[in-house]
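Enquirer: Note that the protein sequences, when read in sequence, are chains P and G.
Residues 1 to 554 (the working numbering) are what the first sequence spells out, left to right.
Residues 1001 to 1146 (the working numbering) are what the second sequence spells out, left to right.
Hints were generated in silico from the structure; no laboratory data involved.
In this text, a Cβ means the ideal position worked out from N, Cα and C, and glycines have one as well.
Hints may contain errors.
No more than 25 Å apart at the CA atoms, straight line, and that leaves these computed lysine-lysine pairs for BS3-like [to be verified]: (1) G/K1087 with P/K173; (2) P/K182 with P/K518; (3) G/K1043 with G/K1124; (4) P/K182 with G/K1087; (5) P/K374 with P/K311; (6) P/K427 with P/K437.
Pair by pair, the computed Cβ-Cβ distance ranges are [said to hold, decoys possible]: (7) G/M1073 with P/E512: 29 to 35 Å; (8) G/M1073 with P/D412: 52 to 58 Å; (9) P/G459 with G/D1078: 25 to 31 Å; (10) G/Q1038 with P/A13: 23 to 29 Å; (11) P/E490 with G/Q1038: 40 to 46 Å.
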Amino acid sequence: MNEPVLLTDTDDATVRGAADLLDSWAVEVRQDRELAAAIEEVPGARTIVTTTENPNALRDIVERARARSIPVIVGCATDMARRRAIELRVDEWFLLPATADEIAGRVRSALARMAPAAAALADRIERVEYEQMLYDYLTGLPTLPVMIERSRALIKERGELIVLYFNFVRYSKIEEIYGWEKLDAVLETTAQSVREFLEASALRSSRVMVSFTNDDDFVFFHVPAPGVAAITDAEITELVGKLQDHVGRRIEATHGEEIASLFEIYAGRAHVYYNPKIRLQRLIYRGIREAANAAKSVEERERARRVDDLKRSLRERAVYIDLHPILVTDSRQVYGYEALARGTLRTLRSPEIMFDVAAEADLLWELGRLCRSKAIEAMSSRLTRGEFLFLNVDPHDFADPQFSQIDREVTDPSRVVIEITERTAIKDYPKFRERLKALRERGYRFAVDDAGSGYAGLGSIANLEPDFIKLDISLINCIDTNFIKQNLVETMVRFANDQGAQVIAEGVERAEEYETVKGLGVHLVQGFFLHRPSENAIARTSGEMPAIARVAGA
Amino acid sequence: MPPPSLSNPIEDHRMPEAHLPNVLVVDDNHDNADIMRQYLEAKGYQVSVAYSGEEALSLFETVRPSIVLLDVMMPGRDGWEVCRLMKQHPSHGRGVRVIMVTALDQWEDKRQALQTGADDYVTKPVDLPRLVQTVERNAAALAGAL
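Isolated chain P, as found in the complex (with noise of 0.2 Å):
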């Protein structure tokens, strides 16, 4: 092995001060004309450092280098030099005059670049990109392919293998609502608890594996143990049930339990058996195919289930109103309440999930009655003078003919704030602005929920000129480190600071996320951070007394 040299065509004790810092290398100095020559002649020559101002000199070392993969770095003591260095894409280059440190800070940086030399550059892209494809980022679980070829001798060893095809129905919602950050976290949470869950089982015993083919599903494969009876559906029965306990218990504990109970797993099996005349490949995607088929029964039936559930609920009034509380951000004083309908019944808990029913059995408007007359009838019960009650309405539920008849029972509409999404597409918007016109000459507020979940700019929202802005979850979601978070909230407040709206951060969970939107002029708060949703108001205490009672009091 030679000894490293650099070469140089700079006589001057930087440069050898520069070879000293790179463990010793010896230096070898040449004339600006040569140093093209000496790349091929000086055995070890392991990089160049000129500072030539001859673009020709200059051109033929970096065409005799790159041919042996020799990094060149150049010193430049013009603009002018530095251009044509810049050009002629030479490795590193370095303003003059310049420490032996930068020169060899420069050396080491274009050697550690070429180290993978030239054309490995693109095998490394593909690598990553393969490595992709072969393990999921999020779960470090091995994907399909890579599976079968990891038991393809075991399976054929064996003779059987069955497919459990697990299906995760509410992930897509997560995403939706709290953005893929979230989505991305409870993926993670769930495929560690899945693989914790299972270590623990009494599949254990047999070879298990797992796989990730989209971002709701997962696929086990399990090969039974000689000797050992494959595992029969009463027993998939019971292991989703656990499992389902287990990771919905573990999410709760991560993810709180809004995430939670928007959580479910379906579950289908199927049995594979080897034939040496089908490409087991094939066996294994048919396998998978009918595993998966039976998960969507189980979640067909589940769905039936559900739908009497909700009719049920409907005749008996079964749902009951949590109160989420909204505060003044500075002074963290109760503002209002959002009304939050949730089904008595253990399977309609999540209002996401009751509404989706609804949506599916064709009761939206009769469900919206219940849930508004409920949350009006929360209003007059456990709110105080001065509160204001957020109400969620669907636009579908403007278009009910009875709609109107909440008059009847709200007795301040001035108090109350309807909240409408951004996410549900509009039809007929003449019509609907009309609808809102009439709403709010008889006093009623409006807030747009989940302002900035879309693409679509601040247009759609000032078109419906609202009282109150709530930003999008995702917008909050870790918005203290996030600063183009930061900048979207900032041009909301100060959108609605001209329109003379108010803007309402929800989600806040973390004490640093409502420092940060305190910082950016954010009006109201929501979130786990000040408070959970409850059945009760907030008992005031004197120092909760907002401003104007206090001062009536004093």
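Chain G: place on chain P using the hints.
Expert: Showing chain G alone in chain P's frame:
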């Protein structure tokens, strides 16, 4: 003389300036990239430069920058795609802050930047003092996360 120990040149190099994060500047326009590099270096940052998305991904692996300044409009792999790939990198996707450098300053563009996982953005033409401020606040966010 013993053979040189160059097995981990980057680590060696980073040590004297460990307090300031490594920055990777990505821009297909060499002049832009080099101006940003010079300016950041004058502020004491250790800067690497990539002139394409492909090169950026390769340098991302070798240099392991803590902060990436990423031009959006590049031929081949554009900034959005590079950002996504970096953020999804199995071992150091978590620890990197990606700042998009873009001429687009509309609501939709920022929404898209969020979607790819970007942490911050600066608008073109780049205002250099502003750029340094942006890098500084992301460096602070990194320090806070440790």
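Enquirer: Each hint should be assessed against the structure and marked as holding or not.
Expert: The hints, checked one at a time:
no., hint, in the structure
1, G/K1087 with P/K173, "holds, 23 Å"
2, P/K182 with P/K518, "holds, 22 Å"
3, G/K1043 with G/K1124, "holds, 20 Å"
4, P/K182 with G/K1087, "holds, 15 Å"
5, P/K374 with P/K311, "holds, 17 Å"
6, P/K427 with P/K437, "holds, 17 Å"
7, G/M1073 with P/E512: 29 to 35 Å, "holds, 33 Å"
8, G/M1073 with P/D412: 52 to 58 Å, "holds, 55 Å"
9, P/G459 with G/D1078: 25 to 31 Å, "holds, 27 Å"
10, G/Q1038 with P/A13: 23 to 29 Å, "holds, 24 Å"
11, P/E490 with G/Q1038: 40 to 46 Å, "violated, 31 Å"
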